[in-house]
Structure formats: C-alpha cells, structure tokens
Amino acid sequence: MADHDLTQPPKDAAGVATAAPAGFAEPAPPARAARPARTRSGRPGPVAYLLRLVVIGYLFLLIAWPLYLVGQNAFKDGFDSLRDVLSDPDTVHALLLSLQIAAISVAINTVFGVGISLLLVRYDFPGKRVLNALLDVPLSVSPIVVGLALILVYGGRDGWFGPALEDAGLQIIFSTPGMVLATTFVALPLVIREVVPVLEEVGDEQEQAARSLGAGPLATFRRITLPAIKWGVAYGVVLSLARSMGEFGAVKVVSGNVLGATRTATLVVEEKYLNFDKGGAYATAFLLALVAVASVIVVSVFRPKGKR
Amino acid sequence: MSIEIIDVGKRFGDFVALDNVSVSIPTGQLTALLGPSGGGKSTLLRIIAGLETADTGRIEIEGVDATRLPPQKRNVGFVFQHYAAFKHLTVRRNIAFGLEIRRRPKAEIRERVDELLALVHLTPFADRLPAQLSGGQRQRMALARALAVAPTVLLLDEPFGALDAKVRKELRDWLRRLHDEVHVTTVFVTHDQEEALEVADEIVVINEGRVEQIGSPDDLYDRPANEFVMRFLGPVTQLGGQLVRPHDIRIHTDSPQPGDVLGRVTRITRVGFEIRVEVATGTGEVTTVTLTRDALPTLGLEVGREVALRPVAGAGLTSPADRPALRAAG
Amino acid sequence: MTPTTTVQAGRSARVRRPARLGRSASGRQLTRASGLGLGIAMLWFSLLVLIPLAAVAATAAEGGWSTFSRALTNEATAAAIRLTVLTALGVTAVNVVMGTLIAWVLVRDRFPGQRAIEIIIDVPFALPTIVAGLVLLSLYGPGSPLGVNIANTRIAVFLAFLFVTTPFVVRSVQPVLAELDREAEEAAASLGASRFTIFRRIILPSIAPAIAAGATLSFARAVGEYGSLVLLSGNLPLRTEVASVRILSSIENDNPDNAAAVAVILLAISLVVIVLVDVLQRRVVRRG
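Residue numbers (our numbering), protein chains in the order written: chain A, 1177 to 1484; chain B, 297 to 626; chain C, 6 to 293.
Bound conformation, chain A alone (with noise of 0.2 Å):
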C-alpha cells in the first residue's frame, strides 16, 4: 500500500457485501479459552545457550562452588571437627544463644509482622503509606549503624534511655536484651513482606462473610484470615529464623562478646577463624549454612508455585 493517498475523506460505509444473520446467533465460543499450549519459536538458539552457560558459570564460581567448599572444609577431617565443635561448651552455649535470640525475635517480629500487616491492608490511616516505606529501611541500613544507634539509646553510660533503665534494673546493651533488639531490628520487615502480598490477594469477602454470620473479631482472625495467611506467615517465620540464627555485624557492636556469656554463633566463627581453629571455625559455620540453605530449600519447595 505504499503510495495509497491517506488524506482522502474516508467514505461511506456503503459497500458492506452481506447483512448481518438474523438474531440468534449460534453462541461464539468464548475467546482465548480453548487455547492450545504453546511453545513461541521451539529450540533455544545459540545465544540461548550462550546465557545459559553464562548464568550458570557466574552462579557457580560465585556461590555455587565456594558453598560446597565449606562443606568440604568442615569435614576435611571426617567428623572431627563437627565432634569437638559440639563437644565444646562454650561453643554450644554460643549456639543454643544464638538459637534462644532467634527464637525470641523471631516470635516478635510474627506478633509485630501479622499485627501490623493486617493494619496496612485492611485499615485506612493516615500516614500508612510512610509507615510502608519506613518499614523497608532495616534492610538497608547498616548492620553496624543498627549497633550504634541501639547503642546511642540504650546504651547504659550515655544513652537516651539506657542509664534510666539500668538503674530500674534493666541492662540492654553489651547483655541478651541488646542482642535481641539488634536481631529483631534486622529481621523486622521479613514477616511483612511475605504477609501483606497474601492478605491483599486473598481479601476481605470472607472476613466480612464470617462477620456477618456473628463471628467476632478474634473468632474471624483465628478460623478465617489465619488460615489464610498461614503459609505466608510460615515463609516469613523460616526466612526470619534464618536472616536471626546469621546477624553478625549489629550482635557483634551491642554483645560485648563475651566469652560463655554473649557470644554467639557467628561470633565463634569469626573467634576462631582468628585464632587459627580452622576447622572448628569451618565446622561451626557449616552448622549455620546449614540452616540457612535449609530455609531457602523449604521456602522454595513449598511456597506455592508463581508466587515470590
């Protein structure tokens, strides 16, 4: 059509070649429906593979490979190095420590998660959107500056609270309260993020439902919106546990460190890598991978496909 005059006035609608059939129409099968499964251009070509190879290059030598390593380096020696870290009780304390503030930040930061993603999705309030964003901001800030500002307020010489409460009694920094506060800070927004997707997609039809047949407010969170949302909750859970058992920087700037009393796991690693026990070192950090590839594998098998 390349020389076809465009600036003409279109005509007339006059050339219709039939009129339309008569009423009842036969019904049109519905569109799109019945579509058969279909694979756009069938094999990969050479630049498929080409980035394939690529990703898949990148990923090993960068996490791939050096994981399994540590997995090798833990067990250079048989289960030597397993066997003396577990024997080692200062080390078991460091673990069961790390274990007992995961646990502890972990059930506040559900509590907090739930609690304030339910407030997000079904409530309006003003400034809501601020709180949503500000919510984000543990993740970005440095693990350190979560030491130091925990520091700077709880700290028990010169904090803004801290000499208060240290004089009711209550010691925060360098002592397990800090350590959880630190834990809990990191973590915060890991609940959220997997919650508030779910409650928006599974909306309120059934939560009104259950209202409107007589269920309180309690009744309708317990045998409605919880089992709703339990998978979300359990996703935010494993990944909490996770990010919690591995804080490093922020429990190291508010525990003191030390030894048999506020040392953690992933201070143990670092002690004795310093102190050249590389395999205790290896093993204790094999033992915290461990956790933190088992929550990725668990997450990743059983959050529903499509979702992230």
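Hints should not be assumed to be uniformly reliable.
Sample of chain C residues with no beta-carbon within 12 Å of chain A, all distances over it, derived [what the hints assert, rightly or not]: (1) A83; (2) W109; (3) L241; (4) L285.
Where chain C lies over chain A, by a calculated footprint (3+ residues, C-beta under 8 Å) [unchecked claim]: (5) 1308 to 1319; (6) 1416 to 1425; (7) 1460 to 1471.
Facing chain A, from chain C, some residues (calculated, C-beta under 10 Å) [said to hold, decoys possible]: (8) V136; (9) N157; (10) I160; (11) L222; (12) L236; (13) A268.
Derived from the structure by calculation, the hints contain no laboratory data. For every residue, glycine included, the Cβ atom is placed at its ideal position computed from N, Cα and C.
Use these hints to put chains B and C onto chain A, whose structure you have.
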C-alpha cells in the same frame, strides 16, 4: 495472489494445530479466517507473520518464498487482540516506531504519523500514553502503527476480541471503510461469524486444523459445504431430516401443499424485531422458525395452532458433507 | 481496560502482586481495638527503629560541621568511604548486568536444573554474612583450589559485596520480566526491529524501574556491608578497610560522634545515588 499458503502443518507437542492447510489469499481483499477457538486460525496467521514457524509446507508473500524469513523481513503489519501497545511510548511514538526502525528522515516520519493519526482519528491523543486511551482507541493506534510501515499485508488477530460489544461494532464498520480506502491486503482472524460475514470479502473457515470451506460470505451462508460450516455461520434448525436456517422456512396456516411438513405451535418468543416460533412436527422434531414482527399478525399464529412448514427453495443441507469443501474457490 | 499480559501457556504464569499499598479500596476506618493495636505497633517500631536511627542523626548533628569535617579529613576514614562507595557502585553495575541476565534466563529459558539456580540465588539472602566471608575465602583465599588468593586485597572487598548483593536485581527484575507483554515484542519484530533493538527499546524501558529498584537495594546493602569482609579483606587501613569497619572502630574507641558522622555521610551518599539511579531510569524509560 498475495499470500500463498501451501501444505502448511504445525504441531504443538501432540496437538495438531494445522493439518496440511493450503489457502490462497487474493491481493487487495479483506479476508477473514473464521473458526472456533483452538481451531488453528491464529496459528496460521502467526505463521504468515513469521511469529511462528511452520513444521511443514511453504508460505509465499507476493511471490517471494517467506517460509524461512524472520518476522522483521516480511514487511507485514500485525495487530494483536490485546493491542500490544508499547506502554512507555506516546501514541505518536508508537505509530512512528516502525519508521524509526527503518531510519526514515524525521520530517517524513512526522508527516506520515500525522496522516495516520488523522486516519485513525487519534490526532488529539497524539501525546498521550496508551494507558490513557480506551480499548478501542488503543486498537486504532495499533492499527495505525501497523499501517505506518506500508506493509505488504495487514494481519489482525482477533482485533476486536477484547472490546465490548458496542465499540466492537463501531470498529468493525470502521475497519471495513478503512479497507475500502487503503486497499492493503488484509487477513483477520475471528471466531465471530457475524463479524466475518459483515466485514470480509472472502471467508476461510478453519476448524481442527483444517480448511472447511473458502468462499464469499454469501457462498458460505447460502451454500455451506458441510454441516460444520452451516452450523458455524448461523442459526440452524431441523426440518424433515434436513438442516435449514430458521428464517428459510415458510410457515402458513392454509391447506397443506404436497411436501409440506405438518406440526403444532408449541411456543412463541419475541426477541426484539424477531419472532421465534417453535413447532412440534409429526416426526417428533421441534423446528424453530423465525419471522419478522410484522408477519405474525398476518399469519394469525398462536400456541396450539396447526401449521404447515416448508423450506424455501434451495435452502437446507440434506446430509452432512454432501459437498466437497471448495478449496481455493476464491 | 488494562491490557492483559500474555504469558505463554505451559510456562508458569508468575502473577505477583508487589507489596505496595497504592490503591487501598477495601480500607476501613480504625476501630478502637485496631487503633490500640496500631498504637502499640508504632510504639514498638519507634523504640526499636525510629528513635535509635534518629539518635544517630541527632548525635551527628550535635557536633556540627566540625564532626563531619574531622571525619572526612581523617585520611583513613576518607579512604574507607571512597573505597566503599566506589566498590559498591562497581558491584551495583555488575549486578545490573548480571542480575538482569540471570532474571532473563530464569524467565525466558527452560532447562533442567533451573530450580537449583533459583535456590542458589537466594542463598546469599539467608547465609550469615560471616559465613559468606568464609565461603568466599574457601575458593578465593589461601589454599584456593583455583590457585588464586585475593584475601586482604580490594578485589576481596568487591567479591564480598558482589556475593551478598547478587539476589537483589534478580529478584526485583524477575517478576516484572515474567509479566511483560510478549506480544509487544512480537509487534516490534514485525515492524522490523532486530532482537537487540527490541531489547533496548521495548523490554529495557519496561524493566528499567525494576532494575533501578534492585540496583538501589544492592547499593545500599553493599555500602553498609560488614560481616562478609571481616575474614576476607583483612580490614587494612587505607587499603581494604570499608566504612562500616571505620564506624565500628570509632564505636570501640568510644567515639560515637565520629561513628554517627560517618554513618550520616554514608546515608547522604546513598540518597544521592538513589536519586541518580532514579533519574537514569526515567531517562531510559523516556528514550524508549
């Protein structure tokens, strides 16, 4: 012939989308590929455009073997059901896209885009983003974008499928007028027989990967090659073992002539200007007859009344597949 | 009226709603109970996050300009900030390219073992940073099976940043890429655009905001990184010491003013970078 489709076959896994299809599409005409969803018509259109490759067979466009040509080199314009708008570009830049790719001078692009904007009545919307347009406007933009590069053929895949009924009708009229104006060879896919009958010069009926019939809208409607085509193109009913269009049956209350089928009216329904009369005939069939509103009082029909029916001469299909598909009849 | 995104049948249609609370249609007014809940939540959030972060800003501001200028004129601190920011920029650039590429391969390609890649990408999210350092040391440190030893060099800093930030761009681009309108690409192809042109003019503008978001996260994470460097980089002043380590030593030397000043400087630089990334992103989208 503008497009020659020769023995084209295509499978997706075990699913046979096209089974040795051969069609000739004439230059300058508006051709509809009509058939039920999943029947292979969209696949055929995508193969013509090069968006899909045929497993077997050949495609020629204007005498050039295009079977192995990538879509970029076929010089076809393609319009998608869901517009495929470039969301981050304004209407003007959407339409200019193909010309920018061809590195035309800026002034020429500007002039050409202005022409097209006027043609599709989007001049006031030139600087909007697609998200700020209605569905009908987006589809007109997509059409202008496809026409901008002066394609050898224009291919439209269910172009009005995502629009609501009213806009759909408007755009359908408009496409017909547009085609009368710019006589570019056009092929459009639709599952809506009314759309095909109204707009197309020629219709190719495709079902289960095969061509059922090719012909003008009148041919197909009045002389369907088989039961499938007859049923797909319009309403049908049974009369004396034959398939007949409900409006091709004469109904009267006078004394029966030889060959008339006798029956009793069981139901009368009015749908707008049209009256549907259901008649239970002696053979146990229920035959539907459609009349215009005016005809009803003249005939004096009412439920329970004895009537005589006879098909209009030449109407009806005695037995399925009694005629071979008219391959390449156009 | 929203154009439906066509995702290929047979491929998992990842329908993901980002956790953005833009259009709140179903929002109810606060009841007394939920108001109380919000109050408690805000109190906790303030005590845990907002007040401590405000304390950092306040402490830095207390000392006035002199604290900042003293921090910046300290040779080691200035060097640490420079190293941190430049390395973080470099790492972010690599992530923009590699992250987009990885997301592309995960969305557009199908091959056995992709599930494993999905898991491997998430590992740096969950792995304790100190372990991440050890992990890298086992392949790139002394006794490396590859025979390279980059421990205590600036390359080590780069590698550690790269390791911990790998997931960000991938995870922000992947869902957007999965929901792209494939027909727009086909339309561009039939209009004559080459594969590269389609990528640059159709795909890139659509995923640029997601790339920018991932890049921003990746940069922020790298600038604040500490744990993975402890064992890997040696923290040599003027050579491999990063800003976080400077902040930590200020804390340990009982100089919180200086620590807070460096923290605020890093924050300011991060803000500038975030704004720049956003401007760049908008330009890519507009140019299309």
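Broken hints, numbered, in rising order?
Violated hints: 2, 9, 10; rest satisfied.
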